[in-house]
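K.L.:
Model the full assembly from the supplied sequences, consistent with the hints where possible.
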Amino acid sequence: EVQLVESGGGFVQPGGSLRLSCAASGFTFSPFWMTWVRQTPTKGLEWVANINPDGSGKNYVDSVKGRFTLSRDNAKNSVYLHMNSLRADDTAVYYCARNGPAHASDIWGQGTLVTVSS
Amino acid sequence: QSALTQPASVSGSPGQSITISCTGTSSDIGGYKYVSWYQQHPGKAPKLIIYEVSNRPSGVSNRFSGSKSGNTASLTISGLQADDEADYYCSSYSSISTPYVFGAGTIVTVL
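In the order they appear, the protein sequences are chains A and B. Heads up: the first sequence begins at 1 in the working numbering, then just goes up one per residue. Heads up: the second sequence begins at 1001 in the working numbering, then just goes up one per residue.
Hints in this document: simulated from the structure, not taken from any laboratory. Just so it is clear, CB atoms sit at the ideal spot from N, CA and C, and this is done for glycine as well. Mixed in with the good hints there might be a few duds.
[Said to hold, decoys possible] Calculated cross-link-like contacts (lysine-lysine; reagent style DSS-like; alpha-carbon spacing at most 25 Å):
id : chain 1 : residue 1 : chain 2 : residue 2
1  : B       : Lys1044   : A       : Lys43
2  : B       : Lys1068   : B       : Lys1033
3  : B       : Lys1047   : A       : Lys58
4  : B       : Lys1033   : B       : Lys1047
5  : A       : Lys43     : A       : Lys65
6  : A       : Lys58     : A       : Lys76
7  : A       : Lys43     : A       : Lys58
8  : B       : Lys1047   : A       : Lys43
9  : B       : Lys1068   : B       : Lys1047
10 : A       : Lys58     : B       : Lys1033
[As the list claims (entries may be wrong)] A few chain B residues that don't get close to chain A, going by computed Cβ distances all over 12 Å:
id : residue
11 : Gly1015
12 : Gln1016
13 : Ser1017
14 : Ser1021
15 : Asn1062
16 : Arg1063
P.N.:
As structure tokens, then:
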């Protein structure tokens, strides 16, 4: 079965750090761009970042630049979102997704909740 | 405020057809064919139902169809069914700000 499974979410105080993981299975991981999207009830879906197949290219939404870092380990079929200097407005469900045809995200994980609060 | 504009809600009776619009600019929808649509049921992850304006992934019902005219993309659901009750989001590649933008979502209600 083709799937993505996120982990690492939780409760953290402002200024803290978390590392989200996304493990892929059921498909050949290495050729695909991978994306993180977050969702809140108020802002809806927001594209956060993506990473190219060999990990040399990364893009980030302006609001997380300098605070979040993407990495991947193709040997472990995994992608990681390192989040530092977390703020209350980073509170969201974070989804890992595979970049499929024509820039669309064709496979999504179940999501992991990140709550930033004092 | 989302980059793409969708109606907050659309409703229809079983068997009817409904259309959801998604309006952007020439920097996103109008300038590229990379428009996609996602269906999200409560508590679930989004599911891709349309990519590249009008293409359906394998396994997606042909009751879902997409189109684009100028800066506006549209999703049509024909033969509305109870299971179609969900939130629907459009997305597009964008040449400004973030590479990808989403609409705020449309709640579809089957009456």
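K.L.:
Each of the hints needs a verdict: does it hold here or not?
P.N.:
Do the hints match the structure? See the list:
no. : hint                     : in the structure
1   : B:Lys1044 with A:Lys43   : 17 Å, holds
2   : B:Lys1068 with B:Lys1033 : 9 Å, holds
3   : B:Lys1047 with A:Lys58   : 24 Å, holds
4   : B:Lys1033 with B:Lys1047 : 19 Å, holds
5   : A:Lys43 with A:Lys65     : 19 Å, holds
6   : A:Lys58 with A:Lys76     : 19 Å, holds
7   : A:Lys43 with A:Lys58     : 23 Å, holds
8   : B:Lys1047 with A:Lys43   : 19 Å, holds
9   : B:Lys1068 with B:Lys1047 : 20 Å, holds
10  : A:Lys58 with B:Lys1033   : 22 Å, holds
11  : Gly1015                  : 29 Å, holds
12  : Gln1016                  : 26 Å, holds
13  : Ser1017                  : 23 Å, holds
14  : Ser1021                  : 16 Å, holds
15  : Asn1062                  : 17 Å, holds
16  : Arg1063                  : 19 Å, holds
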